[in-house]
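Asker: Each chain, letter by letter, is given below.
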Amino acid sequence: MSNTYIPIQMKVERIEIEDPDKALRTFDLVFVNEEDKKNFEYMPGQFCEWSLLGLGESPFGIASSPTETDFLRFTVSRTGSVTNEIHYLREGDTIGIRGPMGNWYPVEKFKGGNVVIIGGGFAFTTLRSLIVYMLEHREDYGDITVIYGARAPELFIYKDEISEWQKRDDIDIQLTIDNPADGWDGRTGFVPAVTKEIAPSTENTWVVVCGPPIMIKFTLPVLSELKFADDRIYTSLERRMKCGIGKCGRCNIGSKYICIDGPVFSLAELKKIPEAF
Amino acid sequence: MIRIEKERIDEFIRTLMETRAVYAPALDGKNTMFAPVEDPAGIDHNIFNTDKSPKEIFFPHSEVLFEYEGEEIKKVERDVRPIVVWGLRGCDARSLRLLDKVFGSAWQKPGNDMFEDPYWKEKYDDAIIFGTACNEPRSTCFCNWFGSGPHDDAGMDVKVVDTEEAFILDPVSEKGKKFIGSLKGWAEATKKDLATIKAVREKAEGLMGEAFGMEGIAEKMADLFFKPVWDDIGAKCVNCGACAFICSTCHCFDVQDEGKKGKKGKRIRIWDTCMFPLFTKEASGHNPRDMSKDRLRQRFMHKFSYFISNYDEHLCTGCGRCVSVCPVNLDIRDVVRAVMTSEA
Ligand SMILES: Cc1cc2nc3c(=O)[nH]c(=O)nc-3n(C[C@H](O)[C@H](O)[C@H](O)COP(=O)(O)OP(=O)(O)OC[C@H]3O[C@@H](n4cnc5c(N)ncnc54)[C@H](O)[C@@H]3O)c2cc1C
Ligand code: SF4
Ligand code: SF4
Ligand code: FES
Numbered sequence: 001m002s003n004t005y006i007p008i009q010m011k012v013e014r015i016e017i018e019d020p021d022k023a024l025r026t027f028d029l030v031f032v033n034e035e036d037k038k039n040f041e042y043m044p045g046q047f048c049e050w051s052l053l054g055l056g057e058s059p060f061g062i063a064s065s066p067t068e069t070d071f072l073r074f075t076v077s078r079t080g081s082v083t084n085e086i087h088y089l090r091e092g093d094t095i096g097i098r099g100p101m102g103n104w105y106p107v108e109k110f111k112g113g114n115v116v117i118i119g120g121g122f123a124f125t126t127l128r129s130l131i132v133y134m135l136e137h138r139e140d141y142g143d144i145t146v147i148y149g150a151r152a153p154e155l156f157i158y159k160d161e162i163s164e165w166q167k168r169d170d171i172d173i174q175l176t177i178d179n180p181a182d183g184w185d186g187r188t189g190f191v192p193a194v195t196k197e198i199a200p201s202t203e204n205t206w207v208v209v210c211g212p213p214i215m216i217k218f219t220l221p222v223l224s225e226l227k228f229a230d231d232r233i234y235t236s237l238e239r240r241m242k243c244g245i246g247k248c249g250r251c252n253i254g255s256k257y258i259c260i261d262g263p264v265f266s267l268a269e270l271k272k273i274p275e276a277f
Numbered sequence: 001m002i003r004i005e006k007e008r009i010d011e012f013i014r015t016l017m018e019t020r021a022v023y024a025p026a027l028d029g030k031n032t033m034f035a036p037v038e039d040p041a042g043i044d045h046n047i048f049n050t051d052k053s054p055k056e057i058f059f060p061h062s063e064v065l066f067e068y069e070g071e072e073i074k075k076v077e078r079d080v081r082p083i084v085v086w087g088l089r090g091c092d093a094r095s096l097r098l099l100d101k102v103f104g105s106a107w108q109k110p111g112n113d114m115f116e117d118p119y120w121k122e123k124y125d126d127a128i129i130f131g132t133a134c135n136e137p138r139s140t141c142f143c144n145w146f147g148s149g150p151h152d153d154a155g156m157d158v159k160v161v162d163t164e165e166a167f168i169l170d171p172v173s174e175k176g177k178k179f180i181g182s183l184k185g186w187a188e189a190t191k192k193d194l195a196t197i198k199a200v201r202e203k204a205e206g207l208m209g210e211a212f213g214m215e216g217i218a219e220k221m222a223d224l225f226f227k228p229v230w231d232d233i234g235a236k237c238v239n240c241g242a243c244a245f246i247c248s249t250c251h252c253f254d255v256q257d258e259g260k261k262g263k264k265g266k267r268i269r270i271w272d273t274c275m276f277p278l279f280t281k282e283a284s285g286h287n288p289r290d291m292s293k294d295r296l297r298q299r300f301m302h303k304f305s306y307f308i309s310n311y312d313e314h315l316c317t318g319c320g321r322c323v324s325v326c327p328v329n330l331d332i333r334d335v336v337r338a339v340m341t342s343e344a
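Same order as they appear, the protein sequences are chains A and B.
Heads up: the first sequence begins at 1 in my numbering, then just goes up one per residue.
Heads up: the second sequence begins at 1 in my numbering, then just goes up one per residue.
A portion of the hints provided could be inaccurate.
Keeping only pairs whose Cα atoms sit at most 30 Å apart, straight-line, the calculated DSS-like set for lysine-lysine is [to be verified]: (1) A:111 to A:217; (2) A:271 to B:220; (3) A:109 to A:38; (4) B:177 to B:192; (5) B:75 to A:37; (6) A:217 to B:220; (7) B:281 to A:217; (8) B:74 to B:260; (9) A:37 to B:261; (10) B:75 to B:52; (11) A:11 to B:261; (12) B:263 to A:11; (13) B:101 to B:52; (14) B:101 to B:175; (15) A:272 to B:227; (16) B:177 to A:37; (17) A:109 to A:167; (18) B:6 to B:175; (19) B:266 to B:123; (20) A:38 to B:261.
It should be emphasised that the hints constitute simulated quantities derived from the structure, not laboratory data.
The structure displayed is predicted, hence computed values, not measured ones.
Please model the entire structure based on the sequences and the hints provided.
Answerer: Following this line, the structure appears as structure tokens:
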């Protein structure tokens, strides 16, 4: 019998600071054991429990794509006790993870369709995974549009990679910041308003929205106004978690467990759960 | 069916103890609970439904998942003898079966052992449950609300009926049949025993209060989610969590590390409850279940709506423990009645 409570060992290979406040760090982890690497199969949208012995566990979305086979990437915002310790990690340190956990964005269903990806703040992690995955399987998808908002220009994560995407002609990147800033010639305004402005066509199109709760709350009505059907809109939920395998009860909403039935849900599914928003 | 005269019960328990860890009802201070048997003569066969629930045998209040030292993880050694439980009541046998749906089976993704809980399975899968039929149910018992009754044997491997003269052992599961079949030197139950069993069963069933109709409660509760009925019920509850800790079917837990980073320590899981605000409070300070009534509603929704959607069963067996323990007399039966009689 396998034991899902026992973490697998990973080594911190690379750390990158994403923002001027140093509150966001990206970690590339590599497997210590070849066997673990072979067994670890995941899809965009899944997450892992980071397991720091003596400190505890915290769930984080996987920011790398399964097509990037050499490492697992995560971006961690410093918010409390565990994440604070994570920020003290150095390259070469060993940590544990458990996973992959949860379901994933329905990339199979998206095949042959256009995909609009709407993100805000540092919740862009699993969206990066999704974008990299789709770009690797570019011929499977129609138009790919990305609408990504941050409070200020320096708060976008994965800036270098986004600049690379902007140079490509097979993906449309629309960045927006909350208020005008020096040296910014892109869009300004909140994500919901910008989404309304861009008004992507609903024709054979799927939407993935991921960001702070407030952004999701105001973006969903805009999408409905644009006539996207509820079962074509996907989002990813967050709740406190512990076990990640549907036992500890912490992430239960309605008859679902976010750790196993989610974190990815369609708006149609969420509308059936009174506690979802 | 075999027959064990009262004088020989210690002898019987001793044969169980040869190869197994036997648990039976015992008095611990002021409370009754299930404890490992050291001397069969010490078992009080008259203890009714124990004050503390037997889920502890398989899902301890605090359980070490593993030990660590620096970055190294060490498995903990456990008593590997299979477990026998003696004297479990029908409601509790059913509770264990319900918990097995959560911990034991990979119901979420059949065939994927990632979703099987090894700590539960290594204890429960090989266990043999001897369940004692209730001849004198209490006023707090309401197992019959769930289609069960004082002589129900669901979840038991061997059903035991106390006929005053003897214990009659009736193997009900495959495991139980194999086990009883392997025993030697015990008499078969007599015709008279069977007649006595029938009589005590009828008497016991007659002592149960009338069952309250619960058909459609899952949908009814879902429809009432935002209704004031929860304010009325919730006003009384002080969110002490006693009901959940005493409950034989509540299974929520927390995971904590004892022992600082880089040092020797252990990761333990420890009972927790949706009744506590910290259960869902997020790092940002936001709490999706901020109000006392949100948390109370969660406990009952889980038992009477969500669990039914997932498993087609109530996550309550009518053991009555929460009724006895609640400091403000919030009776789960009143909650069910209030819900069933409210307008959606
Ligand atoms: C599916 C999912 C994906 C997520 N993805 C990301 C992401 O990509 N990036 C990101 O930054 N955030 C992400 N989060 C949020 C992230 O999990 C939380 O911000 C993080 O858990 C906060 O932990 P903290 O300990 O720093 O905060 P705190 O508020 O200090 O603690 C929160 C919890 O951490 C645990 N904890 C703390 N100390 C201990 C201890 N000593 N022993 C055991 N447990 C302890 C406990 O559960 C504690 O209650 C995600 C959350 C979910 C559910
Ligand atoms: S909710 Fe109350 S009556 Fe039902 S199983 Fe739990 S303790 Fe027993
Ligand atoms: S025991 Fe009673 S007061 Fe305490 S949490 Fe349960 S219902 Fe509320
Ligand atoms: S995190 Fe334990 S049930 Fe989801």
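Asker: Decide, hint by hint, whether the structure agrees.
Answerer: Evaluated hints:
1. A:111 to A:217: Holds: residue 111 of chain A and residue 217 of chain A sit about 27 Å apart, inside 30 Å.
2. A:271 to B:220: holds, 18 Å
3. A:109 to A:38: Satisfied, since the Cα-Cα distance of roughly 26 Å is no more than 30 Å.
4. B:177 to B:192: Judged against 30 Å, a Cα distance of about 22 Å means the pair holds.
5. B:75 to A:37: holds, 22 Å
6. A:217 to B:220: holds, 28 Å
7. B:281 to A:217: holds, 20 Å
8. B:74 to B:260: Holds, at about 16 Å.
9. A:37 to B:261: holds, 25 Å
10. B:75 to B:52: holds, 28 Å
11. A:11 to B:261: holds, 17 Å
12. B:263 to A:11: holds, 19 Å
13. B:101 to B:52: holds, 21 Å
14. B:101 to B:175: Distance ~18 Å between residue 101 of chain B and residue 175 of chain B Cα, so the pair holds.
15. A:272 to B:227: Holds, because 16 Å separates the two Cα atoms, which is no more than 30 Å.
16. B:177 to A:37: violated, 45 Å
17. A:109 to A:167: holds, 28 Å
18. B:6 to B:175: The given pair, whose Cα atoms are some 24 Å apart, holds under the 30 Å limit.
19. B:266 to B:123: holds, 20 Å
20. A:38 to B:261: holds, 29 Å
Going down the numbered hints, you'll see the structure goes against just number 16.
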